[in-house]
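**Student:** The primary structure of each chain is shown beneath.
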Amino acid sequence: MASVTHDVVHERAAEKARMAQPYMNPYLAGIGLGLVLLAAFVLVGRGLGASGAFNSGIAWLVSLVAPGYAKSNEFLSAYLEEGTHPLKAWLVFEIAGAFVGALLSGLLAGRVGAAVEKGPRVSVGTRLAFAFVGGALMAMGAAFARGCTSGQALTGGSLLNLGSWATMMCIFSGAYAVAWFFRRQWR
Amino acid sequence: MSAPFYKLGAFGDEASLIVAFLIGIGFGFFLERAGFGSAKKLVSQFYLNDLAVFKVMFTAIVTAMLGVTYLSWAGFLDLSLLYLVPTYWVAQVVGGLLLGVGFVVGGYCPGTSIAATATGKIDGFVFVLGFAAGTLAFALAFPLVKGLYTAGDIGTKTLPQVLGVPYGILVFGVVLMAVFGFMGATWVEKKMAAKAAPATE
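In the order they appear, the protein sequences are chains A and B.
Going by this note's numbering, 19 is the number at position 19 of the first sequence; the sequence numbering is gapless.
Going by this note's numbering, 182 is the number at position 182 of the second sequence; the sequence numbering is gapless.
If you're looking for bench data, these hints aren't it; they were derived computationally from the structure.
Ideal Cβ positions, reconstructed from N, Cα and C, are used throughout, including at glycine.
There could be a bad hint or two in this list.
Unchecked claim - Taking CB as the label site, the calculated pair distances span:
(1) E14/B x G125/A: 42 to 48 Å
(2) A20/A x A137/B: 32 to 38 Å
(3) S2/B x Q21/A: 14 to 20 Å
As the list claims (entries may be wrong) - Quick list of in silico lysine-lysine cross-link-like pairs, DSS-like style, CA-CA up to 30 Å:
(4) K41/B x K157/B
(5) K195/B x K40/B
(6) K191/B x K7/B
(7) K157/B x K146/B
(8) K146/B x K88/A
(9) K146/B x K71/A
(10) K191/B x K40/B
(11) K146/B x K41/B
(12) K88/A x K7/B
(13) K190/B x K40/B
(14) K190/B x K41/B
(15) K71/A x K7/B
All chains should be modelled from the sequences, with the hints used to inform the complete structure.
**Tutor:** Structure (structure tokens):
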């Protein structure tokens, strides 16, 4: 009985994989992404970002638990403005939109479904632990760099901003330097 | 000059948030289209099997850069009003390296983890939680790390200023670099595919 349901699940997964459309040509996707970024520059005078939305979110959460501390913390207070809600921030709305846009694209291409991305040689638990630690490392990196792959590499990169190019080069360098040590996670 | 519209007062704060949401939809849509809701696709960049991250990113950079350049030359967009993150080169070198290591360990970056979460990737959602925890840890430790955070402060600087090269020439240089980069990337992908083929058969 167990093996029957197992087979059914596998068949469904296989069917889903058959139905999922291939990804877009990278140059076309890049042009699309570039035009979205250009629209942001023209409409509001700023680019895309992601890590800043997390800063707003954390500043808001801390301000709920310890309002006095949040205001006294130099890093968090930058995201807390008197008279406006911390989540009423440009990047928070942009990231909410990004969630919707990605879901839309995924649904149109048949790519939405619960999954854990990993190689066959690591357990789900290991992969999730790595995802958590990697996220935390990136958060600290984005804080030091004042932006992430979106806000610095992509946005600042297209504006020929010095610190953005320094950040981008270091992202690639850091990743290539350690990729070999973490290969088991993926293959 | 008529753009950037928001900074020149064409619409207010409330409307800018609606624009943010709409821009975000486009952002997330193209991230997912490109395959960047998948950690395996993203990290393939660092194992050289699939260099889509580089191709998408540099096509986007070149597209936006050329757009900004031509719109500014046409007298439509005021380049000086576009926000530039100030350079703190020491902090950004350290931050960039941490971002790179975190990318390989976690499998996503902040923006792509949102695309992954939206399409059901559990590891993407756990990455988001880790990112939130890391942000909180950084904020709590801020008094300790403030020295490094503000290290290498040289103000707002652009590459044309620092290199002493005219803006237009540098734009042309980046386009050339991207084109040669794309050719090199495709060559590397083919080499890696040829290397992998006998092993899988």
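**Student:** Is the Cα-Cα distance between K190/B and K40/B 30 Å or less?
**Tutor:** Roughly 18 Å separates the two Cα atoms, so the pair holds.
**Student:** Holds or violated: are the alpha carbons of K191/B and K40/B at most 30 Å from each other?
**Tutor:** Measuring from Cα to Cα gives roughly 19 Å; hence the hint holds.
**Student:** Is it true that the CA of K146/B sits at most 30 Å from the CA of K41/B?
**Tutor:** violated (35 Å)
**Student:** Given the hinted pair K157/B and K146/B, is their alpha-carbon gap at most 30 Å?
**Tutor:** With a Cα-Cα distance of about 21 Å, the restraint between K157/B and K146/B holds, given a limit of 30 Å.
**Student:** So does S2/B sit 14 to 20 Å from Q21/A, Cβ to Cβ?
**Tutor:** violated (39 Å)
**Student:** Holds or violated: K146/B with K88/A, Cα cutoff 30 Å?
**Tutor:** holds (26 Å)
**Student:** Take the C-alpha atoms of K146/B and K71/A, compute the straight-line distance between them, and say whether it is at most 30 Å.
**Tutor:** holds (16 Å)
**Student:** Decide if the proposed pair is consistent with the structure: K191/B and K7/B, CA atoms, cutoff 30 Å inclusive.
**Tutor:** Violated - the C-alpha atoms of K7/B and K191/B are around 48 Å apart, more than 30 Å.
**Student:** Quick check: does the Cβ-Cβ distance between E14/B and G125/A fall within 42 to 48 Å?
**Tutor:** With Cβ atoms ~45 Å apart, the hint holds.
**Student:** Is the hinted pair K195/B and K40/B satisfied, with a Cα-Cα distance of at most 30 Å?
**Tutor:** With Cα atoms ~19 Å apart, K195/B and K40/B stay inside 30 Å; holds.
**Student:** K41/B and K157/B were given as a pair; does the straight-line alpha-carbon distance stay at or below 30 Å?
**Tutor:** violated (34 Å)
**Student:** Taken at face value, is the distance from the CA of K7/B to the CA of K71/A at most 30 Å?
**Tutor:** Holds - the C-alpha atoms of K7/B and K71/A are around 28 Å apart, at most 30 Å.
The structure fails to meet hints 3, 4, 6, 11 from the earlier list, while all remaining hints are met.
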